[in-house]
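Enquirer: Below are the chains, spelled out letter by letter.
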Amino acid sequence: MMLARTASYLYWIGRYMERAEFTARLVEATVRLDALSARPAGEGAWASALSVASAKEDYEATGESITPSNVANYLTLSESNSNSIRNCLYNARMNARAVRTALTREGWESINRAWLALRDRSATGGAQSTINLVDELKAEIRGFEGAMHRMLRQDKHWMLRLGAAIERADNTARLIDVKYHLILPEGEEIGGVIDRDQWGTILQTVSANTAFRWLYRDGLSPGRVVEMLTLRRELPRSLACCVEEVTEILDEIGQETGFQGEADRMARLRHKRLTGTKVGDIIRGGLHEFLQAFITENRLLSQAISRQFRFD
Amino acid sequence: MAAKFFDEIWGYSRGRKPRPGFEEIAHWIRSTPKKEMRRRQDSAEAAFRQLGITFNVYGEDEEAERIIPFDIVPRVFAADEWARLSEGLEQRVNALNAFLVDVYNDRKILADGVVPSDLVLGNPGFTPAVNGIRPPHGVFAHIAGIDMVRTGPDEFYVLEDNARTPSGVSYMLENREAMLRLCPELFEMFEVEPVDRYTDALREMMQSVAPESAPKDPVCVILTPGHFNSAFYEHSFLADNLGIELVEAADLIVDDDIVWMRTIGGRKRVDVIYRRIDDDFLDPLVFRPDSMLGVPGLMAAYFAGNVTIINAPGGGIADDKAIYSYMPEIVKYYTGEEAKLPNVETWRCREPDALKYVLENMADLVVKKVDGSGGYGMLVGPSATSEEVDEFKKAVKANPNGYIAQPTLALSTVPTLGEKGVKGRHVDFRPFVLSGANGVETVKGGLTRVALREGSLVVNSSQGGGTKDSLVLRPPRDQKQSQSQDGRSQSQSQAKGGS
Amino acid sequence: MRLDIEHVTHYAFTEPQRRLVQLLRATPSSFAAQHVVDWHIDVDCDARIRPGRDGYGNHYTMLYVDGPVEAIELTVSGEVLTDNRHGMIEDANEPLPPPVFLRSTGLSQADDAIRSFARDVENAESDPLKRMHLLMERLLNEIRFEPTLDAVERDAATAFAANRGVCQDHAHIFCAAARAIGTPARYISGHLFRRDGATEQEASHAWAEAWLEDLGWVGFDPANGISPDDAYVRIACGLDYREAAPVAGRRLGGGDERMRVDVRVTEAHMQHQQ
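Residue numbers (the working numbering), protein chains in the order written: chain A, 1261 to 1572; chain B, 11 to 509; chain C, 2 to 275.
It is worth saying that the hints were derived from the structure and are not from the lab.
The C-beta atom is built at its ideal place from N, Cα and C for all residues, glycine as well.
Please note: incorrect hints may appear among the correct ones.
Chain A stretches covered by chain B per the calculated footprint, using a threshold of three residues with CB under 8 angstroms from any CB of chain B [what the hints assert, rightly or not]: (1) 1356-1370; (2) 1511-1519.
Away from chain B, derived, C-beta distances all over 10 angstroms, residues of chain A [said to hold, decoys possible]: (3) Ala1264; (4) Asn1347; (5) Arg1434; (6) Glu1487.
Simulated crosslink set (DMTMM-like; lysine to aspartate or glutamate; CA at most 25 angstroms straight-line) [unchecked claim]: (7) B:Lys14 / B:Asp210; (8) B:Lys278 / A:Asp1437; (9) A:Lys1532 / A:Asp1572; (10) B:Lys278 / A:Glu1512; (11) B:Lys403 / C:Asp47; (12) B:Lys118 / C:Glu91; (13) B:Lys44 / B:Asp164; (14) B:Lys118 / C:Glu214; (15) B:Lys278 / A:Glu1516; (16) B:Lys379 / C:Asp113; (17) B:Lys403 / C:Glu214; (18) B:Lys278 / C:Asp47; (19) B:Lys407 / C:Asp112.
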């Protein structure tokens, strides 16, 4: 049975690596949106990226103006942004160093390489070099994901994936919440005229452009995007998929430890509830309210996980 | 003209004629292009860096993870050399353990006047807190690192004993891995004793010394101060290779005089702890109260016989260099035999005659603090400035009990790859000796440290030393076996030897 | 004398604690000058208690408590028959030879001032026993006993320079000075029956013992200027306070702790008469 401290470190490696990847995708999609938008629409694109990354207030506190390179730097390389890719990778690496024996050599080396790729960079540069950097990081992080999937399917593997799944659920929920506000200002009906560029950004951030076309052959509509990102369990980054994965992973761990607890109960309850939900219910009850409740529940679940596995 | 120093390949011949039995390795050194050697050495070092076999130098920040330089030219021990060496090591480690049990219990050796009482009882390495303890099977120093030097074909000397937590074994194992990959021809040329026996031997030893109350398959762990420690790589390497948990103090709790580790499934009982933290930091209730690394209650669990601590607390007394000077008497006292491995001649500054001699001849001597290690607190007279010598004279005069002195030894050299090709560089040697319920075992190999600078006698990694693989050759097969050996490989190796 | 002792330690925490581990040195051993008739350790909450004996021969008790704990009260009580042997320690369990007690520790380290003070004593008196008495008397006169002073861990040199201290400072300085002139000395913790009628005390007591070739270990109480008599109950010895202290503990949990100690030492027959 794995040490509680090891479990805690692995869980957070999973979260930080997932957060780093999400942020990389967000930056990539924002560069694209910025390029497509008429001036000065670009500023809105970067402001919303900050919101999705929950970094708006902290960014404003720095007093920097919102320009593409400022924000791209802040999200990727900044040392003062605790959720920048740099800090995510730094934290993931420090955790990984402390639990080296729990990771495969390949797993450790991919984290170490991702960190080394970024450690000495001080500025992202223009759009093209930002894309290059993001591509490089995405490749390294994918390397880690590959290594993670090749680990022995034991408690250590599941703990990494549990962190990743919890983090992914949180990221997707925030992405939909922010973008929906932006795309559909108060009072406007879902199902109205559609801003293809904005929608493209969302789908790109969760790497679901192609998936959308496969799942929905009738074309883009806000209702369908919401449905896909919340309820379609086929899409790896949808809330439904994350929720299901968390439940399954907790099950796997429970089979090894031989007991179940508060986290299992919360996860199962959430899974059951979401399975019975229709997109119409969500929209009638208010998408924003739904997503806020989801984010809160996800946070409480993460806390229950820390308690159940004695992280501290 | 004979060479000033004994070279382990070339003897005193200055590179003209290898010692008997070392013709093939000499040929390998001669015939392997230096560029190729350099390439292999770089490749080994790159692998070490990627693996993170690093150590942190004290006082540098965490980013300054350094690797210890690796030298591609191995050191070779002939089978008969090794047989003599390991007999001596095992005798010495048996005596060390008997001494440790005695000084914490009956103190017969003090009563018999073999070692002065005050030297032991007043020694900072003597730990009153563990007085009266008899660890399972009478083993204190489960893992001993005995530092050796050589000055001639048959002249091996023990330089110091490490009975606390000797490190370096990961280098022994990783250096061999690198050599197997990079110089496979060497292992075709010779039959080399494997070193990977070490991890099995260590696991067997750990299980053998578990408390009586432990289950048949006792739970063993390695206790590390954490990933900021300079030897963290070795800690994680060992845990990985033994297949046991690497724990920090916060992972352990003591309840009801039993040690538990905190797992995601609740508490799991721990029977054997291979600790890589110093005595001072083991248990804040008994040792340093400000220690954040320790496990409160650990010593109570130890006293109650519910956990075995490897190496046992209190063993530091055996590392003391003044105690070291009595090792020949200690070996004789407990084993009834003359010591098979001699000590280096040692002047104990606590004795007035010795002090006088040391002060008069300091520039020719090596002066050491009795409780120093790692090459710190040491004066190498012949290479010191006169100011440094004066400084040391003052220190020795102020606290004669704190110092010993030894002659400057003509350390053997081993061919080593340097800027200007392969040249002899001075080496020392640390073999690892394991003691458990089933006796003493010396793994056939060890850590050879080499002073990379020309003429330097300081091999410590913190001061510019590197490491080499140490090959122990298998004994030549007897008649019957060699006859049944594959004829082709015989003729090949003959061809190589003769070309 | 027949002495009744009740030693209550009360801890209160500002936040509930998850775990407590404590090492108590609170149980006396019998020897010529004291006979332990009866002894108990009680805790006011669920706890696991394990006895043991340390390298110095002291009895100790390990106490393991699972949280949440907001307060805990330990009551150590018992009855001891004492005899006045003028500080002489006979028939005691002595697992360590006297030269061990020439070692110094952080708290009992002599500095130049203590060393020269000790040398003055050495030069003034040649008889070993009288010399220790002289050392005790000079300490009594020179180091003002201030019971209100915080009983924080102060080393001998600091207390000596300040010319004041509590009983543990006197004991540390005594040990440091005696060792400085080659006399093994050790720190003792225990209890004192106050003949002045002060039965309620806020702390346990501490003194020292020196080893004299002809007499063995002899106690000296430099805070009171006498060798222990039948008013003293000896609990634990060590090289300094830390090794003989009544309690060493660790807790898991945040916040601060407040500790209150109440010691009552009374004559047993007096209680019966009341």
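Enquirer: Checking against the hints above, which ones are violated?
Expert: 3, 7, 8, 9, 11, 13 and 17
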